[in-house]
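Please model the complete structure; the sequences and the hints are all you need to start from.
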Amino acid sequence: MYNKIILSFLILLITQVLLGQSCHFQISGSVYDLNTGFPMQEVSVEIPDIKSGTYTDSLGQYVINNICFGQYHLQVSHIGCETEKYFIDIKADTILDIWLDHASHELEAVEIDAQQEVKRNPSQTEIKQKDIEKNAEKSLTQLISSMPGVSSISNGNSISKPVINGMYGNRLSILNNGIAQSGQQWGNDHSPEIDPNVAAKIRLVHGAESLKYPGTNLGTILLVEPKPIGHDPHLHGRVSGFYDTNGRQFGSNIQAQTYNKFLSWKFNGTIKKGGDRFTPSYFLTNTGNREYDGSLQLEKSISDKTFSTLYLSSFNSQLGILRGSHIGNLNDLEEAFNRDEPFFTSEKFSYNIEAPSQKVNHHLAKLDIKHFLNVNAWIDYTLSSQLNERKEFDVRRGGRSDIPALSLNQWNHYASLTYNNEDPNKNWYLYSGLQVRITDNTNPPNTGILPLIPDYIEDESTAFLVLKNEKPKHTTNLGIKYSFVYQYVARIETGPPLYVQDYKNTYHNFSIAAGHEYLISKTKKISGDLFFSTRNPAINELYSNGLHQGVSGIELGNITLNKEKSLRATLGYSTTWFDKLKVQGQAYYQYINDFIYLLPSDELRLTIRGAFPVYQYEQTNGRFVGLDTKIAYNILKYTDIVLSGSYLSAKNTDTGQGLVYMPANNLRAEINLEYPNPQSHSVIKNFNFTGGVLHNFKKTDIDENQDFLPVPEAYSLLYLSLGGDFRVSEKTLSVTLKVDNLLNTKYRDYLNRLHYFADEMGRNISMNLSYEF
Amino acid sequence: MRNFRKILFAVLIFGIISVIFSCKKDDPIIPNEEELITTVRLKLINISNAKQVEFSFRDIDGEGGEAPVITAGILEKNSIYLGEISLLNEQTNPADNITAEVEEEGVDHQFFFETDVLGVSFYYQDTDIDGKPIGILFQLATQDAGQGTMTIILRHQADKNADGVSNGDITNAGGETDLEISFDLNVQ
Numbered sequence: 001m002y003n004k005i006i007l008s009f010l011i012l013l014i015t016q017v018l019l020g021q022s023c024h025f026q027i028s029g030s031v032y033d034l035n036t037g038f039p040m041q042e043v044s045v046e047i048p049d050i051k052s053g054t055y056t057d058s059l060g061q062y063v064i065n066n067i068c069f070g071q072y073h074l075q076v077s078h079i080g081c082e083t084e085k086y087f088i089d090i091k092a093d094t095i096l097d098i099w100l101d102h103a104s105h106e107l108e109a110v111e112i113d114a115q116q117e118v119k120r121n122p123s124q125t126e127i128k129q130k131d132i133e134k135n136a137e138k139s140l141t142q143l144i145s146s147m148p149g150v151s152s153i154s155n156g157n158s159i160s161k162p163v164i165n166g167m168y169g170n171r172l173s174i175l176n177n178g179i180a181q182s183g184q185q186w187g188n189d190h191s192p193e194i195d196p197n198v199a200a201k202i203r204l205v206h207g208a209e210s211l212k213y214p215g216t217n218l219g220t221i222l223l224v225e226p227k228p229i230g231h232d233p234h235l236h237g238r239v240s241g242f243y244d245t246n247g248r249q250f251g252s253n254i255q256a257q258t259y260n261k262f263l264s265w266k267f268n269g270t271i272k273k274g275g276d277r278f279t280p281s282y283f284l285t286n287t288g289n290r291e292y293d294g295s296l297q298l299e300k301s302i303s304d305k306t307f308s309t310l311y312l313s314s315f316n317s318q319l320g321i322l323r324g325s326h327i328g329n330l331n332d333l334e335e336a337f338n339r340d341e342p343f344f345t346s347e348k349f350s351y352n353i354e355a356p357s358q359k360v361n362h363h364l365a366k367l368d369i370k371h372f373l374n375v376n377a378w379i380d381y382t383l384s385s386q387l388n389e390r391k392e393f394d395v396r397r398g399g400r401s402d403i404p405a406l407s408l409n410q411w412n413h414y415a416s417l418t419y420n421n422e423d424p425n426k427n428w429y430l431y432s433g434l435q436v437r438i439t440d441n442t443n444p445p446n447t448g449i450l451p452l453i454p455d456y457i458e459d460e461s462t463a464f465l466v467l468k469n470e471k472p473k474h475t476t477n478l479g480i481k482y483s484f485v486y487q488y489v490a491r492i493e494t495g496p497p498l499y500v501q502d503y504k505n506t507y508h509n510f511s512i513a514a515g516h517e518y519l520i521s522k523t524k525k526i527s528g529d530l531f532f533s534t535r536n537p538a539i540n541e542l543y544s545n546g547l548h549q550g551v552s553g554i555e556l557g558n559i560t561l562n563k564e565k566s567l568r569a570t571l572g573y574s575t576t577w578f579d580k581l582k583v584q585g586q587a588y589y590q591y592i593n594d595f596i597y598l599l600p601s602d603e604l605r606l607t608i609r610g611a612f613p614v615y616q617y618e619q620t621n622g623r624f625v626g627l628d629t630k631i632a633y634n635i636l637k638y639t640d641i642v643l644s645g646s647y648l649s650a651k652n653t654d655t656g657q658g659l660v661y662m663p664a665n666n667l668r669a670e671i672n673l674e675y676p677n678p679q680s681h682s683v684i685k686n687f688n689f690t691g692g693v694l695h696n697f698k699k700t701d702i703d704e705n706q707d708f709l710p711v712p713e714a715y716s717l718l719y720l721s722l723g724g725d726f727r728v729s730e731k732t733l734s735v736t737l738k739v740d741n742l743l744n745t746k747y748r749d750y751l752n753r754l755h756y757f758a759d760e761m762g763r764n765i766s767m768n769l770s771y772e773f
Numbered sequence: 774m775r776n777f778r779k780i781l782f783a784v785l786i787f788g789i790i791s792v793i794f795s796c797k798k799d800d801p802i803i804p805n806e807e808e809l810i811t812t813v814r815l816k817l818i819n820i821s822n823a824k825q826v827e828f829s830f831r832d833i834d835g836e837g838g839e840a841p842v843i844t845a846g847i848l849e850k851n852s853i854y855l856g857e858i859s860l861l862n863e864q865t866n867p868a869d870n871i872t873a874e875v876e877e878e879g880v881d882h883q884f885f886f887e888t889d890v891l892g893v894s895f896y897y898q899d900t901d902i903d904g905k906p907i908g909i910l911f912q913l914a915t916q917d918a919g920q921g922t923m924t925i926i927l928r929h930q931a932d933k934n935a936d937g938v939s940n941g942d943i944t945n946a947g948g949e950t951d952l953e954i955s956f957d958l959n960v961q
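Protein chains in written order, with our numbering: chain A, 1 to 773; chain B, 774 to 961.
Some hints here could point you the wrong way.
Claimed, not checked - 27 Å max Cα-Cα, derived BS3-like pairs, lysine-lysine: (1) Lys-370(A) x Lys-261(A); (2) Lys-348(A) x Lys-905(B); (3) Lys-563(A) x Lys-473(A); (4) Lys-905(B) x Lys-563(A); (5) Lys-391(A) x Lys-797(B); (6) Lys-905(B) x Lys-504(A); (7) Lys-366(A) x Lys-905(B); (8) Lys-227(A) x Lys-348(A).
Unchecked claim - Rough simulated footprint, nothing fancy, chain A against chain B, three-plus residues with beta-carbon under 8 Å: (9) 802–816; (10) 891–897; (11) 921–933; (12) 945–954.
Quick caveat, the hints were computed from the structure, so don't treat them as lab data. Since the model is a prediction, treat every value here as computed from it, not as a measurement. We put the CB at the ideal spot given by N, CA and C, even for glycine.
Here's what the structure looks like:
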């Protein structure tokens, strides 16, 4: 079953026995584990419309009798799996075999395709819908940082971006619904402007296959993927509400969708409001947040071969930054660091957001037209536009705190045309295409401050080809990509008098990758990838000029920078012993020649505001060696013990020092209990409990002269989660209670800029109610 | 064949979009840096002989660019000076007087004076509406001859009620530094 496309979760083998309007039809079949092919017992198979249902027996078989002629929803659920829903049309006795993906806790996972196909994909990690639902209050970065190899770089609780195997910002593309997120992604104090609640799945794609997606790619990309609407003509959706005790954040997420032959639609809306977070001993004054997001997905079949999707989304946030972290110069920073609690710490809780703060709006419109040439081949045409508006507010003199100190408007237009062929008879799958991207970045002049990032236009034209060969025991991936990049920059140069200087650059980027996966046996798999790619220097690396308040330093771009050349090799292994012990690991080695980084120079620049350290973008050679691993042991029925860990050594090979702003190593131990409660009509189902501890090691490879202040100590955090599904008039009400930092541990994290100023958040209890209709 | 025409059509649309490539960015409007302080002048008058001494710090191109130009005067020993600070933005013509802005927001601003020359001391000569010092006007007293440096710091949103702050001790002041400059101080 491994060699071919494994057919859908749902393979319908309809056997007609009888026709008529009677209520004597039967639905029967078997449920199998998609990964092992073994039958699965105690899987719930229900038809909520008529309150009928059953569980599979020890052979994985089920039978539901006395079904009337008509249309129904069939719901298949099993602990550890996504609940799957099918819309079925019963005209006769029906045999329905179901393959369930029973691998939600594994590194490797299976992709669900819109075209009712399931393919095995090498080298992926993912977060599934159930976990996204349970964590509706979290940001994208917070949500995915539990994945092995993923951490976050942040500026307080609400501003954070993901770091994957040491790659982030300019080196990591995040794709929202197939479109590379475009905004000010260079800074460590910029969050991706994506509401994770739109996603059915968030996953990492490594290796050759990732070359079919747009965006900068040094071996890994992050995909945020909404689900197609499906074919259910009824109105379905979910309303959820959540509350966090720490910061008193509350909010709601509403989702609704319906299928219609004329036009199908899906809506997703999220609102959040939070106030000052608190550490175990004091408030983090001015760390509130507001967020208002909405998205609309419209699907229409133009013909039986042509499908179109229009996706519109708007993300709007306002984020407070710890008041005590706003500093004038280097002396202020040292002074702030030596305090027990930050300056400006208020005794009282508040929802107010004052300067320093950020206001970010991001709007996306995407049109996608898929035209099937035959059952296996299609052309995809995508057009999209994004507008990113970022305003950063500082504490300013003369009543100017309401005027942004940094204001950037960025338009991004994208078009792609691809040809795809997935013919299962030929063993070869082919993905090829052209992509064009235009980015237009403008500083509105009303800030009264010289811009750090200049106005510019960047155009990119790309061609790619990805091939995949699947044989019974071997899968091979090959990919190649070429991009031509053109930059036109208009920078204000310091005078006096000030004047504008234009710069033009062109770059050629190449990527080539190959990967192979070998199934040693049904339970053992080994895979390897090689990935070579180049990345042209980004605008901020070339042309930034001025004081970067966020890092309290003067940042100087370097127009002599060359492209980065990266070679990444990965080796993955996974095995299962006696269906009890699962071991998975992925080791990687990445060498980046001409690695671009901010080098602190010996110079302290004297300004009227005092002395500031000067950072200049320079190039060196970077070496990344890492291992992400996960071991799960099924100790009792329904109970797993999971150990996972991430190790990364990132080294500047020219100096022998560690690279700064790289994640510390961590270990996680967890116990998971998931009890389906397989009595047919019990009120509470899918009871689940998780308790765990996360240990973050101290970074030891950073020398004293590489940072202003010493690196924070190691820390351990305990967390709990408790949840279940309640039956309320044939609908499901899911309840989740979570406790983070259970022991109210006082700690600081190296990758949070606020570690210079304040402790991390203390204990947080969050509640989440979700009602599905 | 129909498929072929469809592909051709799609390629054509794609081509048209690629051609509408923007390739030149309009020149940005240079912002008016109203908040910028380019120049600090310190005027000191010896109250016994009315002799005037001036210290100045000029960084016309703002943060970054050329290094600032610093000039320092010589003070007489065993003397009392009356001092006044003026802050200017000389990028505009005529120069903007930033001192007025500081004075207006007096409650949010305070100057601090530090020196390593023995016997030199500073006293505030002005107050904000809450009766707390600002430091635009100050008194400087010298005793013995000596050499060292004098640092002047302007803090924005300092906590003037914190311990010692009203007496010129910066330790508990907090806030952010709007200005921090040092001069060579020579008392003869």
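### Message
What's the verdict on Lys-366(A) and Lys-905(B), does the C-alpha distance respect the 27 Å limit or exceed it?
### Response
violated (58 Å)
#### Entry: Assertion that chain A covers the segment 802–816 of chain B - criterion: three or more residues, beta-carbon distance below 8 Å
holds (count 10)
### Given hint Lys-563(A) paired with Lys-905(B) - CA-CA distance at most 27 Å
Distance ~56 Å between Lys-905(B) and Lys-563(A) Cα, so the pair is violated.
### Query
Straight-line Cα separation of Lys-905(B) and Lys-504(A) no greater than 27 Å?
Violated: Lys-905(B) and Lys-504(A) sit about 54 Å apart, past 27 Å.
### Message
Is the listed coverage of the segment 945–954 of chain B by chain A valid when you require three or more residues with a beta carbon under 8 Å from a beta carbon of that chain?
### Response
holds (count 8)
#### Entry: 27 Å Cα cutoff - pair Lys-370(A), Lys-261(A)
Distance of about 17 Å is within 27 Å: holds.
#### Entry: Hint consistency between Lys-227(A) and Lys-348(A) [alpha-carbon to alpha-carbon, up to 27 Å]
Violated, at roughly 43 Å.
### Straight-line alpha-carbon gap Lys-563(A) to Lys-473(A), limit 27 Å
violated (38 Å)
### Task
Test coverage of the segment 891–897 of chain B by chain A using CB-CB distances below 8 Å; three residues minimum.
violated (count 0)
#### Entry: Agreement of Lys-391(A) and Lys-797(B) with the hint, judged by alpha carbon distance not exceeding 27 Å
holds (25 Å)
### Distance restraint between Lys-348(A) and Lys-905(B), which requires alpha-carbon spacing of 27 Å or less
Given pair Lys-348(A), Lys-905(B) holds - Cα atoms ~25 Å apart, limit 27 Å.
### Task
Check whether three or more residues of the segment 921–933 of chain B sit with their beta carbon closer than 8 Å to a beta carbon of chain A.
holds (count 5)
Violated hints, listed in ascending order, are 3, 4, 6, 7, 8, 10; each of the other numbered hints is respected by the structure.
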